[in-house]
Amino acid sequence: MSARIGIVTFPGSLDDRDAARAVRLGGAEPVALWHDDAMLKSVDAVFLPGGFSYGDALRCGAIASFSEVMGLVRDAAGRGLPVLGVCNGFQVLCESHLLPGALVRNAHLRYRNRPARLRVETTATAWTNAYAPGTEVVFPAKHGEGRYVADEATLDRLEANGQIVFRYLDNPNGAMRDIAGVANEAGNVVGLMPHPEHAVEALTGPSTDGLGVIASILAHLREGAAR
Amino acid sequence: MARVVVDVMLKSEILDPQGEAVLGALPRLGVNNVKSVRIGKRVEIEFDDAETAAAVEEQSQIIADRLLANPVIENFTVSVPGEDAA
Numbered sequence: 001m002s003a004r005i006g007i008v009t010f011p012g013s014l015d016d017r018d019a020a021r022a023v024r025l026g027g028a029e030p031v032a033l034w035h036d037d038a039m040l041k042s043v044d045a046v047f048l049p050g051g052f053s054y055g056d057a058l059r060c061g062a063i064a065s066f067s068e069v070m071g072l073v074r075d076a077a078g079r080g081l082p083v084l085g086v087c088n089g090f091q092v093l094c095e096s097h098l099l100p101g102a103l104v105r106n107a108h109l110r111y112r113n114r115p116a117r118l119r120v121e122t123t124a125t126a127w128t129n130a131y132a133p134g135t136e137v138v139f140p141a142k143h144g145e146g147r148y149v150a151d152e153a154t155l156d157r158l159e160a161n162g163q164i165v166f167r168y169l170d171n172p173n174g175a176m177r178d179i180a181g182v183a184n185e186a187g188n189v190v191g192l193m194p195h196p197e198h199a200v201e202a203l204t205g206p207s208t209d210g211l212g213v214i215a216s217i218l219a220h221l222r223e224g225a226a227r
Numbered sequence: 001m002a003r004v005v006v007d008v009m010l011k012s013e014i015l016d017p018q019g020e021a022v023l024g025a026l027p028r029l030g031v032n033n034v035k036s037v038r039i040g041k042r043v044e045i046e047f048d049d050a051e052t053a054a055a056v057e058e059q060s061q062i063i064a065d066r067l068l069a070n071p072v073i074e075n076f077t078v079s080v081p082g083e084d085a086a
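Protein chains in written order, with my numbering: chain G, 1 to 227; chain H, 1 to 86.
No lab work stands behind these hints: they were computed from the structure.
Note that the coordinates shown come from a computational prediction; the quantities given were computed from them, not determined experimentally.
Do not rely on the hints blindly, as some may be mistaken.
[What the hints assert, rightly or not] Below, computed lysine to aspartate or glutamate pairings styled on EDC-like, alpha-carbon distance capped at 16 Å:
no., chain 1, residue 1, chain 2, residue 2
1, G, K142, G, E185
2, H, K41, G, D151
3, G, K142, G, D56
4, H, K11, H, D65
5, H, K11, H, E51
6, H, K11, G, E29
7, G, K41, G, D56
8, H, K11, H, E44
9, H, K11, G, D56
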């Protein structure tokens with residue numbers, strides 16, 4: 001039976017269909033989750049896609065973090081359910097306090113829309129274990145509020161714990177320490193600004209490097225099943 | 001009427017590129033003596049008339065702390081303007 005990966009649609013989500021397509025191309029089964037669903041439909045992992053949930057009102061991801069489904073995701077993540085947040089999904093995870101730090105306006109105030117070169121900094125997460133350590137990948141980045149910030153003590157702790165998952169090779173937004181993606185301490189929750197789900201086919205993406213994220217979660221779930 | 005004002009500001013150590021952009025535009029107005037501009041949010045909340053002052057104060061703190069401000073990047077102040085000011 002293939003792994004069931006839930007993809008949450010909030011009002012204003014944009015990349016939920018691309019996420020579902022990437023999940024399918026990667027060999028898993030996408031399961032549609034709605035923002036006010038009161039159940040997670042027995043999914044094995046959750047993918048929070050990009051977009052502008054609730055029109056980015058107040059702060060990006062702030063309103064979505066109080067949605068019905070995020071209450072369930074928060075509890076399940078605490079019990080080890082793998083959760084990936086991309087772009088707005090990353091913002092939702094930070095606003096939900098599932099990941100440390102915050103994402104604020106790009107330092108240059110411009111929306112950035114171009115492929116981003118990243119280095120995979122740790123493979124010890126549910127979503128990056130299929131990459132070789134230090135692999136360089138190219139994922140499209142498209143955001144106006146993608147500058148990762150946290151206080152120095154938090155950044156030092158992230159470095160020491162190996163919780164920095166992706167780093168920009170050409171920082172597009174002024175993110176502190178070139179951080180493009182981070183994980184929680186357990187490694188089951190990962191968020192990043194650039195879009196692996198847009199890098200799964202040669203026809204439409206700058207690479208197919210994003211398939212490694214799906215391969216990683218499948219390997220992670222297989223390993224869990226074998227235990 | 002129980003009216004509360006919450007002011008939310010980016011913490012001083014967080015770069016405010018909007019404020020920087022405004023600062024950069026000031027010389028075009030002929031203003032050259034400004035050192036810094038910081039931009040925040042003002043949120044006005046009206047409670048039901050029947051609420052007690054204590055409940056309004058307590059709930060305003062919760063609203064500001066849990067939703068209106070993100071403590072990672074922002075500070076907030078809660079104030080109750082006088083009736084005459086409202």
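Checked hints:
1. For the hint linking K142/G to E185/G, the alpha-carbon distance of about 27 Å lies beyond 16 Å, and the restraint is violated.
2. Between the alpha carbons of K41/H and D151/G the distance comes to roughly 22 Å, so the proposed pair goes past 16 Å and is violated.
3. For a cut-off of 16 Å, the pair hint linking K142/G to D56/G stands: about 15 Å separates their Cα positions.
4. Pair hint K11/H plus D65/H holds up; C-alpha atoms about 14 Å apart against a cutoff of 16 Å.
5. Simply put, K11/H and E51/H have alpha-carbon atoms about 32 Å apart, too far for the 16 Å limit, and the pair is violated.
6. Note on K11/H and E29/G: the hinted pairing is violated, with a Cα-Cα distance of about 43 Å set against a maximum of 16 Å.
7. With a CA separation close to 27 Å, the supplied pair K41/G and D56/G exceeds the 16 Å bound.
8. For a cut-off of 16 Å, the pair hint linking K11/H to E44/H is broken: about 21 Å separates their Cα positions.
9. Restraint check for K11/H and D56/G: the C-alpha separation of about 20 Å exceeds 16 Å, so the hint is violated.
Violated hints, listed in ascending order, are 1, 2, 5, 6, 7, 8 and 9; each of the other numbered hints is respected by the structure.
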